[in-house]
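Trainee: Sequence:
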Amino acid sequence: MLSRTASELYWMARYLERAESLARVLDVTYKLSMMPRHSQQQRDLALPLNLTATHELFQQRYTCFSMNNLLNFFALDSQNPSSIYNCIETAWNNAHAVRGSLSSEVWECINATRIDIRNLRHQGVDNVGIDAFFDWVKERSHLFRGAMFGTLLRNDAQCFIRVGTLIERACATAQLLKVKHQQLNNDPDPVREYYRLDTLLRAVSAREAYHSIYRQPISPETVTELLVLREDVPRSLHACIGDLVLQLEAIGSQRAKVPHRLAHLLHVELRFSTLDDILAQDLSTYLNNFIIKINELADSIRHTYLEAL
184 MLSRTASELY WMARYLERAE SLARVLDVTY KLSMMPRHSQ QQRDLALPLN LTATHELFQQ
244 RYTCFSMNNL LNFFALDSQN PSSIYNCIET AWNNAHAVRG SLSSEVWECI NATRIDIRNL
304 RHQGVDNVGI DAFFDWVKER SHLFRGAMFG TLLRNDAQCF IRVGTLIERA CATAQLLKVK
364 HQQLNNDPDP VREYYRLDTL LRAVSAREAY HSIYRQPISP ETVTELLVLR EDVPRSLHAC
424 IGDLVLQLEA IGSQRAKVPH RLAHLLHVEL RFSTLDDILA QDLSTYLNNF IIKINELADS
484 IRHTYLEAL
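For the sequence shown, this note's numbering assigns the number 184 to the initial residue and increments by one for each residue that follows.
No lab work stands behind these hints, which were simulated from the structure alone.
Mixed in with the good hints, there may be bad ones.
[Stated by the list, open to error] As a list, the in silico DMTMM-like pairs of lysine to aspartate or glutamate whose alpha-carbon atoms are at most 25 Å apart: (1) K440 to D339; (2) K361 to E376; (3) K214 to D318; (4) K440 to E376; (5) K214 to E404; (6) K476 to E452; (7) K321 to E391; (8) K321 to D309; (9) K321 to E272; (10) K361 to D309; (11) K321 to D381; (12) K361 to E239; (13) K440 to D459; (14) K321 to E479.
[To be verified] Label-pair distances were calculated between CB atoms; the ranges are: (15) N368 to R337: 17 to 27 Å; (16) Y245 to S186: 23 to 33 Å; (17) P400 to G283: 26 to 36 Å; (18) E479 to R390: 39 to 49 Å; (19) M250 to H486: 34 to 44 Å; (20) T405 to R187: 43 to 53 Å; (21) S186 to R398: 40 to 50 Å; (22) I298 to R337: 42 to 52 Å; (23) A280 to R337: 29 to 39 Å; (24) Q464 to D314: 16 to 26 Å.
It should be emphasised that the depicted structure is a prediction, and the values quoted were computed from it without experimental measurement.
We put the CB at the ideal spot given by N, CA and C, even for glycine.
With the hints as constraints, model all of the structure from the sequences given.
Mentor: In structure tokens, the structure reads:
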């Protein structure tokens, strides 16, 4: 497959996954904003700004720090490169460039999503309904994956789409868990701790999985184990990297030794680590190291597969 085609497919998938991840983060931030006012509330509301490093741009665009302005900024603001609107626009541009590599169902899904979000931008989130908007973003992402799994050939095109999705998902889970851990450390209130952990599980669609596996009250330690080490939880770090290894092996290439080695090393670390290993070095330190490694892996994939020789 041509490097340019692989690159477009990879980034199409990353931006679609990024839009869904951002919708999930905004959803839990919106729910946290409904809690009784407390000293850490502004820190809770700043979660999407911390994850996307867009504090400065937000301050340039809006004079007042409020949940309503955050929603406008991250949902449909065309001046914010990290907004859901721009993620979908960019994904559409990537898909349009390699339309011949996509099935008609996958293309129609992405095209319809772009048309819908342009209409939503004129209506505004408030007119559509905040919860309805978040559900719409997640449903469109689910529909894309369903069309991709159900209609694309099991070839390199699908593998590069999966690689992009898994890299983005692993980054999102690690960043979200890291920021949530910092929030918990800065506010020891047990009620807010429970609510923050519950919303974290909801953000990664793992609340039901948690209660099915542990059958005990939510705690920071068990949530960490679930989202880092459990291979059977779809958005856990272990699940993402395990699947990523399989996709890279399916793609192959004589010059792919570096990304294969980095992916396998990361997978082995997750497979054989224990919760005690993670907590012994502090969760923030562990997640920072993971983010560095996943970025190195992403760079290696880009140099190996996505850039023309």
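Trainee: All the hints need checking, so say for each whether the structure fits it.
Mentor: How the hints compare with the structure:
| no. | hint | in the structure |
| --- | --- | --- |
| 1 | K440 to D339 | 17 Å, holds |
| 2 | K361 to E376 | 14 Å, holds |
| 3 | K214 to D318 | 14 Å, holds |
| 4 | K440 to E376 | 43 Å, violated |
| 5 | K214 to E404 | 23 Å, holds |
| 6 | K476 to E452 | 11 Å, holds |
| 7 | K321 to E391 | 17 Å, holds |
| 8 | K321 to D309 | 18 Å, holds |
| 9 | K321 to E272 | 16 Å, holds |
| 10 | K361 to D309 | 30 Å, violated |
| 11 | K321 to D381 | 19 Å, holds |
| 12 | K361 to E239 | 21 Å, holds |
| 13 | K440 to D459 | 31 Å, violated |
| 14 | K321 to E479 | 28 Å, violated |
| 15 | N368 to R337: 17 to 27 Å | 44 Å, violated |
| 16 | Y245 to S186: 23 to 33 Å | 40 Å, violated |
| 17 | P400 to G283: 26 to 36 Å | 52 Å, violated |
| 18 | E479 to R390: 39 to 49 Å | 32 Å, violated |
| 19 | M250 to H486: 34 to 44 Å | 41 Å, holds |
| 20 | T405 to R187: 43 to 53 Å | 44 Å, holds |
| 21 | S186 to R398: 40 to 50 Å | 49 Å, holds |
| 22 | I298 to R337: 42 to 52 Å | 29 Å, violated |
| 23 | A280 to R337: 29 to 39 Å | 22 Å, violated |
| 24 | Q464 to D314: 16 to 26 Å | 39 Å, violated |
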